[in-house]
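Given chain A's structure and the hints, the job is docking chain B onto it.
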Amino acid sequence: MSNSNRPKLAAVVTTFFKYSHAQHIVDRFLDGYGWNGAHHYPPMDLVSLYVDQVGQNDLSRERARRHPTMKICPSIADALTLGGSKLAVDGVVLVGEHGNYPRNEKGQTRYPRHEFFEKIVKVFRTSGHAVPVFNDKHLSWNWEWARQMYDTSRELRFGFMAGSSLPVTWRIPSVEMPLGSRVSEALCIGYGGVDSYDFHALEAIQCMVERRRGGETGVESVQAYRGDNFWSALREGVWPRQLMDAALTRSHTLTPARKDFTDIFPTDDDMRRLVADPVAYRYEHADGLKCTMLLMSGLVRDFNFAAYVNGSQDPWSTQMYLPMPDGRTTLANFFSPLVNNMEKLFLTGRAPYPIERTLLTTGLTAAGIESLYLGQKRFETPHLAIHYQPTKESTFWRT
Amino acid sequence: MLTRRTFLQTSLRASAALAASGAAAPKRIAIIATVYRLQSHAQHMGDRFLTGYPYGGAWHKPNMRVVSLYVDQTPEGDLSAARAREFGFQVYPTIAEALRCGGKQLAVDAVLLIAEHGDYPHNDKGQVLYPRYEFFEQCVKVFEEDRRAVPVYNDKHLSYSFEKAKAMVDASRRLHFPMLAGSSIPVTWRLPALELPLDCAIEEALMVGEGGSDAMDFHALEGLQCMVERRRGGETGVKAVQLIQGDAVWQAGEAGRYSKDLLTAALSRSDTPLGLTVTDGRTQDLVASHELPKLVKSPAAYFIEYRDGLKATMLMLDGAIQDFNFAARLKGSQEMWSTQFLLTPDPNVTYSACLMHKAEQMFETGVAPYPVERTLLTSGILESCLTSKLRDNARLETPHLQVAYHPPRVSQFAQT
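Chains A and B supply the protein sequences, listed in that same order.
Going by the working numbering, the first residue of the first sequence is number 39, and it counts up by one from there.
Going by the working numbering, the first residue of the second sequence is number 9, and it counts up by one from there.
Next comes chain A alone, as it looks inside the complex (with noise of 0.2 Å):
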């Protein structure tokens, strides 16, 4: 077995492929990453698997072969309690990301990760106490179920950590939004698809607006345009057109919008033709703030922010910058400082930054489809009250 000192870890995810989440994550915590300037290896081991669905493709099984000392766990329970009947590891990570899932009418992906979540809490209900534990992306499709997981994490006073890389990684330029800023409007400029990368892009926008004065107050109402009504929205200034175009100065994956140049600034025109199916996200903060997410595939392949901050007149911009493995890289190395912030949570107990923050970002994601739902309408949002302060310092990577 394994040092006593060192935390032991369950990892629950749906499937484990090659560049899935759960590979990013848990290959982490197996094999070490760069940080720092060395190949660091977590003060923690990972010592029980369960994964929902195994496929053709999968890598888990290789994986618990080079790693005897991880076992893998036909169900959640034994994942939790290494076989035994209580609590047996001091943190849990929760991974419900890709595998074969069914949508629903909204075209939401049902990824279980309340469900998974539900059979975590019921094994710490069981043996009386409760660890840490992290939830990748979102909370669950579903706000009701979402909410419900806050709560319970709050009833059994567990450190709870989830959310997207996009908060931590690299920012080109490396720059933080100023505690106490006044920020009028912010905006981000993303590329993926509904229910998916919209998330991210929300997260982008959070992790900068929350640090505002006042700290979060939450959202309003929630209006989503898409094709046509995006255009049409586009053309009459419903977003600020010059924060857009700041956030599209910071991409480095600008299509070019003519042929035979490589780096050219794209007209409306442009946009139209290389943009098949835009989508944005408006909405409004109890304290005034309003903020743009826009999904804009075809045009870029990168995060961009962008806002009006103590007053300027001058965007102030930056990139959450992804080294995707999509041909630009061959390391998902994002997933490193989410790790990273991973250890914390498991060495202290206590998350690194407010779970209220992807509350937010995940009722958000779901009001922002709900608002699609219902034919691009105005979608209240009494139900996203959610106040909570920032951390002061700085967790986003820059060493």
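Think of the hints as simulated: they come from the structure by calculation, not from any bench.
Warning: the hint list may mix true and false statements.
[As the list claims (entries may be wrong)] A few chain A residues that face chain B, going by a derived Cβ cut-off under 10 Å, partial list only:
(1) 79
(2) 82
(3) 208
(4) 286
(5) 363
Glycine included, C-beta positions come from ideal geometry on N, C-alpha and C.
Same frame as chain A, now just chain B:
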């Protein structure tokens, strides 16, 4: 609260706005290129002055006008004529005519010399004989005849030959025109945004890169040079170099000729490990796992002994990684200083915008933001390393590389 960086973001735009409102006449630029086709250096860099480029959170349009172009070769895919038509400049049949815009006197305010890509012969050292020196000499001839000289930016190394490179720098001194040269690596983003402290005492420095000789090794060597030049006393020049290849590279590591800890530190910054990462996505400690020798079929180590005693190593590890990473240890400290020089993806290659911003700055102010001696020394190091390769990997004394200079006090890499 205004942090230093938010201040920079704001003040950059303020100064840009000031420059724009100053209503100064746009500077007239001549581009001298080997070829101008899609994704050639000339297209990436020349286009920045035609269509603008991303800088500091805005799409920056230089207050400059390309008025003339010379292209040495017009292979299939040549864009020079189309660019001239669209942007209203002339393509001239000779460099002198391009600089004089068809008239009798020098008629431009700056020259962008980009002699990379195109069909040129190789020498026995494997160097492509790009006519940088020859193009530059023709520019200098015009400067001398017309009794006026203007700033020149020269892309990449000055020449495949140190002697010619030295003559280029000497000409710029003699005629008092500012000159800037080199790679994008020193000025691109770094992950993390790390700079060695000015006047630090460097124990040992190491760079890893990939991509073959006389193209990418130059970039890697200049990345190394822009870091180590910040050491105490500034740059003093290079005493000797040696290029070794094959298993000797691994044996040198075992023998401690370069630090495996530094190599681990540099590789820890890579986002592109190959081998098992490509197979199944796993992370790897390529040094401890002994995977490197399996992955790298033809390793090369470039050893550089500086005149002040510093020893630095550049490893070309084709097959192991696909990015450029640096590590150093400072005297009296076990801490590793390591970073990746981020080469952003094709086709935007926004790092070339970082570089052209420096050229623009020199064209605007008449002052090179960093010394051309960096590129002169790097050109010489590369040539001597390739000579070492040709002479059975012998260590070569390099008394001609007594290139001393001081680094810029202000960091020049992209941070805003």
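Exercise for the section: With chain B as the partner, please determine if residue 363 of chain A meets the hint condition of a C-beta pair closer than 10 Å. Expected result: holds, 7 Å
Exercise for the section: Please verify that hint: residue 82 of chain A, Cβ, nearest Cβ of chain B, below 10 Å or not. Expected result: violated, 16 Å
Practice task
Would you check whether residue 79 of chain A satisfies its interface hint, that is, whether its CB is within less than 10 Å of any CB in chain B?
Solution key: holds, 9 Å
Exercise for the section: Using 10 Å as the Cβ threshold, decide whether residue 286 of chain A counts as touching chain B. Expected result: holds, 8 Å
Handout entry: Supplied contact hint for residue 208 of chain A, tested at 10 Å Cβ to chain B
Key = With a closest approach of 5 Å, the residue 208 of chain A hint holds.
The structure fails hint 2 only (numbered hints given earlier).
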